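4 protein chains.
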Amino acid sequence: MSSFGKLFRVTTFGESHCKGVGVIVDGCPPGLQLTESDVQVQLTRRRPGQSKLTTPRDEKDRVTIYSGTELGYTLGTPIGLMVSNTDQRPNDYSNAIIYPRPSHADYTYLEKYTLKATSGGGRASARETIGRVAAGAIAEKYLKEAFNIEIVSFVSSVGDISMYPTKIEEYPKFWELINNVTREQVDETEVRCPDPDYAEKFRNKILETRGQHDSIGGTLVCVIRNVPAGLGEPCFDKLEAQLAQAMLSLPATKGFEIGSGFAGTAVNGHIHNDPFVMKENGKLGTTTNYSGGIQGGISNGETIYFRVAFKPVATIGQAQKTCTYDGTEGELAAKGRHDPCVVSRAVPIVETMSALVIMDNLLIQLSRQAATSYLKKDNIPPVLVGKLPPQTENDA
Amino acid sequence: MSSFGKLFRVTTFGESHCKGVGVIVDGCPPGLQLTESDVQVQLTRRRPGQSKLTTPRDEKDRVTIYSGTELGYTLGTPIGLMVSNTDQRPNDYSNAIIYPRPSHADYTYLEKYTLKATSGGGRASARETIGRVAAGAIAEKYLKEAFNIEIVSFVSSVGDISMYPTKIEEYPKFWELINNVTREQVDETEVRCPDPDYAEKFRNKILETRGQHDSIGGTLVCVIRNVPAGLGEPCFDKLEAQLAQAMLSLPATKGFEIGSGFAGTAVNGHIHNDPFVMKENGKLGTTTNYSGGIQGGISNGETIYFRVAFKPVATIGQAQKTCTYDGTEGELAAKGRHDPCVVSRAVPIVETMSALVIMDNLLIQLSRQAATSYLKKDNIPPVLVGKLPPQTENDA
Amino acid sequence: MSSFGKLFRVTTFGESHCKGVGVIVDGCPPGLQLTESDVQVQLTRRRPGQSKLTTPRDEKDRVTIYSGTELGYTLGTPIGLMVSNTDQRPNDYSNAIIYPRPSHADYTYLEKYTLKATSGGGRASARETIGRVAAGAIAEKYLKEAFNIEIVSFVSSVGDISMYPTKIEEYPKFWELINNVTREQVDETEVRCPDPDYAEKFRNKILETRGQHDSIGGTLVCVIRNVPAGLGEPCFDKLEAQLAQAMLSLPATKGFEIGSGFAGTAVNGHIHNDPFVMKENGKLGTTTNYSGGIQGGISNGETIYFRVAFKPVATIGQAQKTCTYDGTEGELAAKGRHDPCVVSRAVPIVETMSALVIMDNLLIQLSRQAATSYLKKDNIPPVLVGKLPPQTENDA
Amino acid sequence: MSSFGKLFRVTTFGESHCKGVGVIVDGCPPGLQLTESDVQVQLTRRRPGQSKLTTPRDEKDRVTIYSGTELGYTLGTPIGLMVSNTDQRPNDYSNAIIYPRPSHADYTYLEKYTLKATSGGGRASARETIGRVAAGAIAEKYLKEAFNIEIVSFVSSVGDISMYPTKIEEYPKFWELINNVTREQVDETEVRCPDPDYAEKFRNKILETRGQHDSIGGTLVCVIRNVPAGLGEPCFDKLEAQLAQAMLSLPATKGFEIGSGFAGTAVNGHIHNDPFVMKENGKLGTTTNYSGGIQGGISNGETIYFRVAFKPVATIGQAQKTCTYDGTEGELAAKGRHDPCVVSRAVPIVETMSALVIMDNLLIQLSRQAATSYLKKDNIPPVLVGKLPPQTENDA
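In the order they appear, the protein sequences are chains A, B, C and D.
Positions 1 to 396 (full-length UniProt numbering) are the ones given, in order, by the first sequence.
Positions 1 to 396 (full-length UniProt numbering) are the ones given, in order, by the second sequence.
Positions 1 to 396 (full-length UniProt numbering) are the ones given, in order, by the third sequence.
Positions 1 to 396 (full-length UniProt numbering) are the ones given, in order, by the fourth sequence.
These are calculated hints, taken from the structure and not from any lab test.
As the structure is a computational prediction, the values presented were derived from the model and not from experiment.
Hints may be right or wrong, so weigh each one.
Identical copies look the same in the list; a pair holds intra-copy or inter-copy alike.
[What the hints assert, rightly or not] With a straight-line cut-off of 20 Å between C-alpha atoms, the simulated EDC-like cross-links for lysine to aspartate or glutamate are:
(1) 283 / 329
(2) 144 / 184
(3) 19 / 200
(4) 279 / 326
(5) 376 / 38
(6) 376 / 150
(7) 279 / 329
(8) 335 / 208
(9) 167 / 195
(10) 19 / 38
(11) 335 / 214
(12) 144 / 378
Just chain A, with the same shape it has in the complex (with noise of 0.2 Å):
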């Protein structure tokens, strides 16, 4: 449905082309400085019209802040924040009324609520994603101000191209990336790659695939740093299983890995275990980090790391054979606005995406720490936290 999280809970609501989208964030820590232009930056980076890259579809994606805060410090309350529709098309009677867009959600739509939204997306329309966003801006706000955890996603192949690692020794200078890069280095380029070389490429595919009226996919990498060891609620809602949810319920995606992912299912155990290290903040760090900052579910306290997959639009402007919804077979050709490929705008989406993930998390595991805080402690046997048990004298 259209909640996420369990302490830190977002419920969005909105189609395309209705009056307005928006979000419900219940549950945020009451006292964080917030206004509208903390949430608008992410919203600004996500909209569409932004460059030749993107679809023309020009919204200005104002947000409002209806509730929740007061002289600009949130109070605990729901924060209720909506973005109108300036664009809302008039229905036209035409094509897109009688067919199914092929890889599209009209059919299935349909099928699941036995009548559908007549133009646009509806729900299925990336627009959706707004109301995300916007909560995930506020959860990012908190997770900065608070545990300075950083988070920053950026495109790392379209098409065929990719400066992604696929075999195991490319994976040390990956990780040096991840772990310096920043969205300024990112929106340098128009496409959102810090590599300026592959960011030049990835635009010339984009650019060529728009001329041929087609579409094409891409990935995007996302990293989050500064995460306390002990996030991830075992066993069902793992940290890294979260973030599978969190990534594929976003609109044209197809694939999820964290750390080394399919590429490490090819390489042996002796190679991919992470061995551990004292660091000099007097926690246990690894030397490698093929576990992507996750292990057994919780996270390590080293760089979280992901892969998302998204598939090429499906609104392409060729025409395609296909059928009505009554079954009569013809041709379809989209005349609506649409991007060539997704992966540019999605950087906001997933970056908000993982903070939504992140904040819920780290609510729940501050509320174990602080119960278990106010136990004694003193007669723990040692070996219950990792250590042996005094010898006695008769050991001797």
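Fit chains B, C and D to the given chain A structure using the hints.
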């Protein structure tokens, strides 16, 4: 946490070395014939000690139903099931106490909970999956009896040896396989691959790895057939999002892809889109299936298929350089029982976990279908159901 | 938190003096005819400024539907609704800032959230109920159209003047009332009591109280008719348990009783038990209804009725001795707008909140019914369905 | 359904005559000392066969912990507990098969599930409460050790004999009682009333009722002391709303009131409001406690107290006129074991169920407190924390 699902709600308990592991299944439809032998089948396929490809830990894993059935029928009340841990090992105060095993959950559990089970994997053990498998076996039985839904998983790669399509032109042959493969075919080989040639290669790879006291990863395909169109709950609980969460919640998984997945990102939209066509049963279908049976987060009636990545098992016999909980560097070599490769035993786990997802979504959609069926629909505007409005005389 | 329900899931936002209050209704059956006027009716019955019995705060409370419908039909997607706060008062830096109002939520909100809204009741304001009422109005419409379920609430006592049965022999006459009472009858009097004599007494009591710058409590009865047998989800989500939660979640409520309630505790079982009888519709019914339409947490097909206690409004014009947040003793007298008695305005709130409970339970039970209907039941042992097994020849 | 709570999440299973009844406790803080004897105490207080006031069904109700603890400490993982049903009766094909017992759940279970357990109350049996009591006993232990929270319930009325205040002037003496009453005092009498005179009256009433082969209702008071201010999650999960749900989910309950409850509705606001005063511990308190320790749905630090109504037990020895499932009129007389009055055995059930509510709300509030503590609060406007802004020079 340890619950999964909304209407078919599963809650598990148990660590590797406690008295028992089990599950409560809440929300099972009443009137389903069910005895312990129905559940035992998948538990037996899952259990260790089946062949020389798997761990020699010998657990009979006999399940007992404690509640929720009478005279062989489900009552609709919670079904309590338990498997005793017959192979409870005494704690041995060895290196395992003071060393967090690399790429295991020892360290993260201690960080999360401030104390942890002393031996084996505790809650992070694969033994935790028994509860899921038992619950999923019940779901499978319902799905088969009531909707003829079939779920088959098989091993698609071990290490770098793979039978999975990597190029777009290989998919049609693959679709033929997944539309027909049966559990019987899968179980014909010890390694659980329906292609005898690959099965042999996989087997050799595993035995070679075992000989090196090492481990190796692999991938599984899972196929779900005869799922009615309409399952999945956008926007956060899209069907593929729930499947992704379900799979990434399994021990040792690192990746998930649905349909064309990561490979599909390299393809153009005009190829990747699945054209619609009227099928013999009077419903729309698609002539290709890059979507993997799900569009817009909702099943479309085609075969659902996805792939899951399992990392090389973390426990290996070789000595590994690492450090103790307090940072002292040293070497750790596993003496315990372990699989060199988990994919074969993971087959029933992936199947039953998939069944939990489908079952829960089916129950929710059945509610929606029933609820909307009580409403009069005579005057619904045609455009809301994919039809053009009737032309009036004035149009002429 | 601010969500309610599992399948018909309602999430509200809004404080007394923010920009707007509203709700997202997730899970509404698709195909329901719905426009703003359907929702407005109950909002208008709830709103202040209706009569001299209620607060003069004059809010038009016009609702706007932002999403989830098209061409007057629900799409099955989340319905976003909002009412603007047209009467936003500027903060006045008076006693209200430094004094927690006795028996209000000022102090507890500050303790809970570490900061709080500056004026009015914030989230604890009765204005928060607008979202519930809007959502419940949608539920009511479905319940009426699809199942002819009728929900009527009315005032049963004001102060110590009560029309509610206190002795066991008064119940039959009361059952006659509740089996027939309509909203039209209730709304004939300003005070919303279907008995004109009591309505007059209640009115006089309220006016007298207002004259004393004081407040007074009262009780409401709520009746739910035509609920099919089978609703309610034991063991924790019994129907009366959910109704109790729903009612006690309303501002100013202090008690809930179902059926014979507290009075029934004084009675013997042989009187209190409701004997079964076959009804004309071919279903079992009961000849008395001390159970209040629910047995074992599940509706039995009889009229559901319960009573709710509302305390005297905390805000009174009289000066009260109390202390400031920092403990300085002093006097506080309310200058704001307030009701001397909330029960009349609470009528639509209790009705719509009841509708939310019934709606959610209905959707869950529809799923169960549908799911079990797909199973073959030919061989179910007779004792499982309340029948004796057929006698065999050997029995003779 | 059969789960309760968000962070301290309890899931129960078991019918009256299956192999066992039990519970999974998910989310228990790690590091709590816990053995079976900690849980057994309340199970033993609950179990039948304790005295001639209760049913002679003799169940030892010995609990076993199957998971979630090691070496006497909770691990933070799910705790599985079970009690065997040692007194499983064979089915007797008697009247009980074909007659739905009046005011029992037989009929409604059959309507809901289409089939039902053949003997005893099935899932509607009071035996179902064993899981709750076991889980609540764990919660109680944590609450006592970590926060010194004390929960005491006692019998306040049997039939029409009541020790509960009915007039406003009787409350101060009652508050004195509830601020001091202990479980030891309660258990001094078989009937579990701390007032010896009333205990004797209650006992006589119950014995008299038993002699008449009849049953009688009664009420319980429950007191929760030392709850920190700030617990409860408006707007739907107000603390009293959750307590109401918890209590009304218990078998045989018909009413709930918090603080002054129904009696308080007859009172004027100027009397009913609880004035604030600074307490010795530096926190605000109230000089009266008509609110019952909760204001605006949030605990205020004062003693929480509420009252619960239990109807006369439906099972009585006297013959009752009723009809069979197929409508044939006849007489039914119970032969089984039953309590003439449930209130004494309900004492530990009400206590432990209350503990579940407090525990869950405490864990959620601990999260909020921890989360907000990481934010800088230097510049928060004074009016948001109940203070006047400092006067500037211009004000002079």
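Here is how each hint holds up against the structure:
In this assembly of identical chains, residue 283 and residue 329 lie within 20 Å of each other by CA distance solely across copies; the values are 14 Å between and 64 Å within a copy. With identical chains, the CA atoms of residue 144 and residue 184 are at most 20 Å apart within one copy only, with a shortest distance of 16 Å there and 51 Å across copies. Neither within a single protomer nor between protomers do residue 19 and residue 200 lie at most 20 Å apart by alpha-carbon distance, with minima of 38 Å and 46 Å respectively. Within a single copy, residue 279 and residue 326 get their C-alpha atoms only as close as 65 Å, which misses the 20 Å cut-off; across copies the closest is 11 Å, which meets it.
Proximity of residue 376 and residue 38 under a CA criterion of 20 Å is satisfied inter-copy only: 17 Å between copies versus 42 Å inside one chain copy. For the identical chains of this complex, residue 376 and residue 150 are inter-copy neighbours only, at 18 Å across copies versus 35 Å inside a copy, given an alpha-carbon limit of 20 Å. Taking CA atoms no more than 20 Å apart as the test, residue 279 paired with residue 329 passes between copies only; the shortest distance there is 12 Å, against 65 Å inside one copy. For a Cα distance limit of 20 Å, the shortest separation of residue 335 from residue 208 inside one copy, 19 Å, qualifies, whereas the shortest one across copies, 57 Å, does not.
With identical chains, the CA atoms of residue 167 and residue 195 are at most 20 Å apart within one copy only, with a shortest distance of 19 Å there and 27 Å across copies. Proximity of residue 19 to residue 38 under the C-alpha cut-off of 20 Å is restricted to the inter-copy arrangement: shortest distance 18 Å between copies versus 23 Å within a copy. For the homomeric pair residue 335 and residue 214, the shortest alpha-carbon distance inside one copy (13 Å) is at most 20 Å, but the shortest distance between copies (56 Å) is not. For a Cα distance limit of 20 Å, the shortest separation of residue 144 from residue 378 across copies, 18 Å, qualifies, whereas the shortest one inside one copy, 35 Å, does not.
Comparing the model with each earlier hint shows a violation of hint 3 alone; every other hint is respected.
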